[in-house]
Structure formats: C-alpha cells, structure tokens
Amino acid sequence: MGDRSRQSRAAGRRIMGPQSALTDFLASHNISANQIRLDAEARRRAAAQDNSESRPSDQQLLAESTINPTEPEADDSTVVSTGRSTRGRSAAQAAAAAEERKKAKEKKAIDKIKASKKFQKRKRGDGDSDDEDLARALFEERAKPLPGQMENCAICNKRFTVTAYSRNAPDGGLVCNPCGKELAKDDPVIKKKPKRAIGGAVGARRQVQSRILDGTYQVGGKSLMSLCIETLAKNIDLAEDLGDLPGPIVDKIARNLSKHRLLNPTTLSLFLQPSSHEVLVYDGAKLGSDDFYRIFHSVPGLKKLKVRNAIHFKDEVVDFLTTRNIALEDLYLHGSNLISQGKWIEYLQKKGQPLKSLRVYWTDKHFTDNVLAVIPASCPNLACLKVCHNQAVTGKGLEHIAKITTLRHLSLDLREAVHPDVYVKLLTSIGSQLETLSLTRVPELDNTVLDAIRTHCRSLKKLRITDSEIMTDAGFARLFAPEWLNPGLVFLDLQKCRQLESTKPRENPDGIGLCDEGFKALMAHSGKTLQHLNVHGCRHISSQAFEEAFSADNKYENMQKMEISFCEEATDFVVGSIFRSCPGLRELNVFGCMKVKDVRVPRGKILVGVPNARGMVIEGEDD
Amino acid sequence: MSDSKYITLVSYDGFEYVVLREAALVSETIKAMLKGPFREAQTGRCEFGEIRGPVLEKVVEYFHYYHANRDQTDVPDMDIPVDICLELLMAADFLGLDSKPQMRDLS
Numbered sequence: 001m002g003d004r005s006r007q008s009r010a011a012g013r014r015i016m017g018p019q020s021a022l023t024d025f026l027a028s029h030n031i032s033a034n035q036i037r038l039d040a041e042a043r044r045r046a047a048a049q050d051n052s053e054s055r056p057s058d059q060q061l062l063a064e065s066t067i068n069p070t071e072p073e074a075d076d077s078t079v080v081s082t083g084r085s086t087r088g089r090s091a092a093q094a095a096a097a098a099e100e101r102k103k104a105k106e107k108k109a110i111d112k113i114k115a116s117k118k119f120q121k122r123k124r125g126d127g128d129s130d131d132e133d134l135a136r137a138l139f140e141e142r143a144k145p146l147p148g149q150m151e152n153c154a155i156c157n158k159r160f161t162v163t164a165y166s167r168n169a170p171d172g173g174l175v176c177n178p179c180g181k182e183l184a185k186d187d188p189v190i191k192k193k194p195k196r197a198i199g200g201a202v203g204a205r206r207q208v209q210s211r212i213l214d215g216t217y218q219v220g221g222k223s224l225m226s227l228c229i230e231t232l233a234k235n236i237d238l239a240e241d242l243g244d245l246p247g248p249i250v251d252k253i254a255r256n257l258s259k260h261r262l263l264n265p266t267t268l269s270l271f272l273q274p275s276s277h278e279v280l281v282y283d284g285a286k287l288g289s290d291d292f293y294r295i296f297h298s299v300p301g302l303k304k305l306k307v308r309n310a311i312h313f314k315d316e317v318v319d320f321l322t323t324r325n326i327a328l329e330d331l332y333l334h335g336s337n338l339i340s341q342g343k344w345i346e347y348l349q350k351k352g353q354p355l356k357s358l359r360v361y362w363t364d365k366h367f368t369d370n371v372l373a374v375i376p377a378s379c380p381n382l383a384c385l386k387v388c389h390n391q392a393v394t395g396k397g398l399e400h401i402a403k404i405t406t407l408r409h410l411s412l413d414l415r416e417a418v419h420p421d422v423y424v425k426l427l428t429s430i431g432s433q434l435e436t437l438s439l440t441r442v443p444e445l446d447n448t449v450l451d452a453i454r455t456h457c458r459s460l461k462k463l464r465i466t467d468s469e470i471m472t473d474a475g476f477a478r479l480f481a482p483e484w485l486n487p488g489l490v491f492l493d494l495q496k497c498r499q500l501e502s503t504k505p506r507e508n509p510d511g512i513g514l515c516d517e518g519f520k521a522l523m524a525h526s527g528k529t530l531q532h533l534n535v536h537g538c539r540h541i542s543s544q545a546f547e548e549a550f551s552a553d554n555k556y557e558n559m560q561k562m563e564i565s566f567c568e569e570a571t572d573f574v575v576g577s578i579f580r581s582c583p584g585l586r587e588l589n590v591f592g593c594m595k596v597k598d599v600r601v602p603r604g605k606i607l608v609g610v611p612n613a614r615g616m617v618i619e620g621e622d623d
Numbered sequence: 001m002s003d004s005k006y007i008t009l010v011s012y013d014g015f016e017y018v019v020l021r022e023a024a025l026v027s028e029t030i031k032a033m034l035k036g037p038f039r040e041a042q043t044g045r046c047e048f049g050e051i052r053g054p055v056l057e058k059v060v061e062y063f064h065y066y067h068a069n070r071d072q073t074d075v076p077d078m079d080i081p082v083d084i085c086l087e088l089l090m091a092a093d094f095l096g097l098d099s100k101p102q103m104r105d106l107s
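If you read the protein sequences in the order shown, they are chains R and L.
Numbering-wise, the UniProt record's numbering puts 70 at position 70 of the first sequence, and it's gapless, one number per residue.
Numbering-wise, the UniProt record's numbering puts 24 at position 24 of the second sequence, and it's gapless, one number per residue.
Simulated from the structure, these hints should not be mistaken for laboratory data.
These figures come from a predicted structure and were not determined experimentally.
Built from N, CA and C at the ideal position, the CB exists for glycine as well.
DEER-style ranges, computed between Cβ atoms:
id, chain 1, residue 1, chain 2, residue 2, range
1, L, GLU50, R, GLY342, 50 to 58 Å
2, L, GLU61, R, ASP111, 45 to 53 Å
3, L, VAL82, R, ASP364, 40 to 48 Å
4, R, PRO274, L, GLU50, 18 to 26 Å
5, R, PRO265, L, VAL82, 16 to 24 Å
6, R, GLN544, L, GLU61, 49 to 57 Å
7, R, SER275, L, GLU61, 31 to 39 Å
8, R, PRO274, L, ASP71, 45 to 53 Å
9, R, LYS350, L, ASP74, 49 to 57 Å
Build out the structure end to end from the sequences listed, making use of the hints.
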C-alpha cells in the first residue's frame, strides 16, 4: 500500500529541472556530460564482465550513476574514477566499495532533502506519514532518470530511451515500452477514471439545485463578499494571516472552511485573535487536545466558545479550562464524548457562575441527570440550555431543570422516554418566562403538555413539538384559542404530530395530530407574526383548512419559510394561495404533496419538492 | 444633484473609474453617498481613501458583472485573483457588498 502510493507520487512529480551553467558551458564546447558518463559505464561494465561472474547488476551501477540526475556533471568525475579503479581491483571489492559509497551518498542526499523547504511543505500536507518514508520517496523521484536519457529495462535489460510515459517496474526501476505493455496487460487496476462533468450544462444545473436546497440561492450573481470568501477558502494554505478583518467576515470564512473540512491545526491559527472574545469552530474533527489548549492560550479574553465535532475536547482540556482565568459565558460543545460526568460537574461547580448559555449536543453517557443537578445551584445566570441527542438524561434530570429559574430558552432532544407529567411540572415552575421551548422527538407527549403551555407560557416566541403521536387536534385548537395570553409566535414547528395507524391510514376518527381546527386556530393566533412555520407530515390538514387560512383577505407579511411536505391535501390552488397570502415568503417545501402538479411561482420565490419532470425545484419566473 | 448616468470612483492612488450609476448602486455604501446631503451627491464623484487602484478596478468589474447578470438564474462565478483576495474582501465589506444584494429602488 505504502509502496504503491509512493510510486504514484513519484510518477506524478517527474519534472525536468533547469540545466546548470556548467552543463550549458560544456554543451557549448561540444562536450556532453551524458556521453562521458555513458562511456564510463560502458568501460566499467566491460571491466566487470571480464573479471567475474558475481558482479553487481547493471541496474545497481546505473542507479549509482544517476543518483542525482539534475547535476550530472558533478557526478561524472566520481563515476569516471570508479570506472578506472575497478579495472585494477577485484570486482567484489569494487562492488562493496561502490555500494558503501552509494549508501553514504544516498544518506547525504536524503538528509539534504529533509532540510529542504519542499520536504517541509509536503510533510505538512501529508500529515501522518513517516519522515523517513517521505524523504525516501522524494529521493527516489529525484533519482529517476529524466526523459530523453537512456536506461536499461528492469525486466528484459535492453537499452531504451526514457520517456514521460515509461512505466515503473514492480520492484523499482523503469521498463521499456514492450515490457511496459506486457505489464499494463497484467495490471488489474483500470487507470482511466470516468470523467466527471465539471461546469457545463449538467454541472451548473446540479450546482444551482444544490444552492437552492442549501437555501443560499438567489437570482443574479453572488455577492462579491461570498465570491471572495470562496476564493479565499480554496487558497487558504497561502494565507498567513487574515489581517484585521471584521468579526462577521472572519466567521463567514470559518464557516466556509469547515464546509470543505479544511479546518486543521494550521488553519485554526488564522482564527485565533488575541483581542477577540469568541472562537467559533464549526468543524473541530481534525483538532487535537493541544489545539484546544492553544485556543485558551491565545485568546485570554474568551467569552464564547463553540466547537462542533469536538472529539478531543476531553477531561484534560476541561481541567485546563477550569484552571485558566477564562470565564466562559457561552459554551457550545458538539460530540464531546470524552468528557466524563465528574469533569462536567467539576467544571460547572467552578466555572458555572458567569455561564449564560450551555449547549451540549451528541453526548452518549456522560452528560447525565447528576450533571443537570448541579446547574441550579452553580449557574445562577444560565438563560439558555440545550441538551440534544442525549442518551443519559431522564425525567429526573428534567426535575432539576425545573429549578433553573433564570432559564429563557430550553431545548431538549432526549432518547429516554419521559412521562408527560414531568414536562407539565417543568412548565408549571419555569414556563412563564420561557421564550424558546423546543421538544424534539417526543412521541409520548399528550394534550396535558399543550394545556400546561397554554396555562403557564406568556412570552413564548419559538415553539417546537415534534413526533407526538398522542396530541389531538382539539388540544392544539385549545392551545391556540384566542384566550391564550401569549403574543404571536415567531417560529413554530409541529412536524410529524400525526396519527400513526398503518391499517387505516386515511381515517382519523379521534382527530389525532394537528388537523383542521388546530391549524386554523394557530394561523389565527400567530399567523401575523410567524416567520417560520413547519407542519411537515401533518397529513390530516384538509385543503379546506388551507384555503380558509390562506384566503385572499388574509395577509401574512412576516412569513419567510414554510414547510408543508407530506400534507397530502395541499393542491396547486393551496400553493398559489400561500404565495398570495405570504408576500415575503422565500421558500416553500412541498415534498410528497402529490396533488401539487403545475403551479405558477412568483418571481424570486422558491418552491422545493414538486414531483415533476423538471426535478425537485421550481424557482420563480412569473411576475 | 448630479443626475448623470455615470459616476466616477477614485482610488487612493489616483485611479479613476467611470461606472454606470445604476450598477454602482448595488453597493449600499455608494448608494448612501449618492443619496445623502454629501458632496458626492452633487459631483457624482466618490473618493475612496482606503482602496487601491487594482482592487477598485475589480470592484468596478463586479458592479458590471452583477448588473449584467441581475436577471439571470445560472450565473457563472466571477474570477477573483488570489493575490488581492483579502484586500477585495475588505473593500467588499466597506462597500456593503454583503450577501443578498437586492436591486431595489433605482430612482
């Protein structure tokens, strides 16, 4: 494996260097260094053949003479003297001496390579490969004869002219054209890769579609800033310092780099500005513990730390952070499974005082109920708590959360099933001041929770309840009834709150999930303020309910993004009405709405997910 | 107020570029300069004390690129020379050429 990669690397880098002044001078006097060497080799070979049968192979000798092909004239004197001396001595001695000399020379050359800039650069790029291996690979690619020179075939020993297409023999050296063809027959690896379409009609279309699904699509060219940032991200290894760019731009660059997985210990340095208060690492997968130490060293005034894929953010790093004079206000960790429960508790007890926001994503076992238990006492300023994709927290932990009286934003995505009563208790104690309540994947939640929200919540702006299989339409209608004293929501996500009954999927006699009445009530209550609405999979909302909510005299100025995928009743007319009622709408998702067939989309709007021949997306063209 | 169809942008090292007014209005900064009670609004001449000639040239190229493509959907990206990329980024920030430029009121 290593050998193969080395060979391919060598083959890729066979570059002809410039001729030296000496070669040039000699050539002008009709002296060819190459000719001298060839003569010398011929003499030596003749001598060796005369003397003994156990002579070193041609190839070895040749290898010696071509150790440094870029400076052939420097080699020549030694080669010539070798040739002369071998005639006198016995062949074995000569061979041994030559071998030794060759080794010494090789070692010297390798040492030289190791010190060279090219080597350092390549090493950085390669990352984990061994120093010795890499130097040897570079050495070998230098030692290869240049195109245009003569060489003996490694298989049939015939002389041939080296070209750029000469193949490598399996055990080193080059092979002549006929042998190369034989080799190519045996080679099972098909070298030719199918060409990927870059640019052109297909590639461009794909790019546009990708940008639409990313939500970065717009009519006209990209902004100059994003063009610059993309160029910069492509050439990030050339940048030594980002200078004094403003924070938001540095952040955009960081995002773009992470998107291409280019954030590594080297590029991390670009984002560590000593005067800054925040470090946002969107992809820390390539960072080690040392790099996290470096963050704390270089940014002493750190207040906000966000690390996604923070695999190596482990106990030692937390220890270090605890001992430093850094008071984090905002900590966001994603995937830090190497922090043990004890360290979490220790950190929160010692550094919980200034903490305003704690967000922990993707932890398996160590962010537990016991960790949550220390928060009420040691984090008196905590306003935002997110615990997502967590396998350890149970109803007990929620009871501790209920004691955090300062909490404004709460997001939970737990794997353990928790009884609705626990949520009711939680909302009773801290519901009145919550601005964000996000409960993701809660199949067991029922109407009692909705009623608790209605009774206790007065300042909610963002509400998410997903995957509930028990909540009913009547419950939603009660929640969004005009009596609810909460002002209109800005963000509402009720995706997949629907009946799950595989035998009679069309019937829903109990009105489970978000259906007509609930939908109409929510649009009446929050329609004017909503910017983002997601009713993905609420398949019992009828087309009448949609038509009523989006009738001609209802205007929802603030709506920006809507998701009505898998609402089976949505028709062309419904989609048209939505565009009419929501003038600010930018994007509407209608995956799986099979009744949406041929809809006119206003200019600049995006309709994603139409099941037609044009693909998934229609971007508006009609005015 | 000068109501020529063209305005002049001047770099700090003295290069002058004459640009279609409508195209240059993509930049929020230039728009504010031309709309406000400033000298620029009368003369139609905007001087940038911090932008070098070659960078401003690229910015002007961008104005025309954006203006020419404002109604197209599949727009090829403009080439950005790597050597002035950072300077251009600073200039883009200064001129308010942030994401989602909107061609709004051009009057």
